[in-house]
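Okay, so the sequence shown: first residue is 2 according to this note's numbering, each after it adds one.
Quick caveat, the hints were computed from the structure, so don't treat them as lab data.
On a predicted model such as this, the values are computed, not experimentally measured, just so you know.
Idealized CB from N, CA, C, for every residue including glycine.
Keep in mind that the hints are not guaranteed to be accurate.
Unchecked claim - Ranges between beta-carbon positions, derived for each pair:
(1) Ile66 with Glu20: 44 to 50 Å
(2) Arg38 with Ile66: 46 to 52 Å
(3) Ser16 with Val39: 18 to 24 Å
(4) Glu26 with Lys69: 21 to 27 Å
(5) Val13 with Ala42: 38 to 44 Å
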Amino acid sequence: MRSATQAGDEYVKPSILVEKQQEEEKAKEKPPIEGRRVCPACGGTSFNTEEDKSQVLFQQAGIKIHAKKYICRNCGTEA
2 MRSATQAGDE YVKPSILVEK QQEEEKAKEK PPIEGRRVCP ACGGTSFNTE
52 EDKSQVLFQQ AGIKIHAKKY ICRNCGTEA
């Protein structure tokens, strides 16, 4: 015999309920945004990295190692 949901007589498959519970657990498991880079303009958290040619960190055997700069993928602001 099929059981009805609390909202009414509509039957909801157990697999759908399990999927909803798994999605809720995944949302809880995500680490907080604290400590991650956040774009000051749009609040985005995804960035492209490029070499910052204006800042040389060190030079070894004729090879220059440059600093990185992070550019927001959403708005293009340098963070």
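Quick rundown of the hints versus the structure:
1. Ile66 with Glu20: 44 to 50 Å: holds (47 Å)
2. Arg38 with Ile66: 46 to 52 Å: violated (21 Å)
3. Ser16 with Val39: 18 to 24 Å: violated (37 Å)
4. Glu26 with Lys69: 21 to 27 Å: Given range 21 to 27 Å: violated, Cβ gap about 35 Å.
5. Val13 with Ala42: 38 to 44 Å: holds (43 Å)
Violated hints for the displayed structure, listed by number in ascending order: 2, 3, 4.
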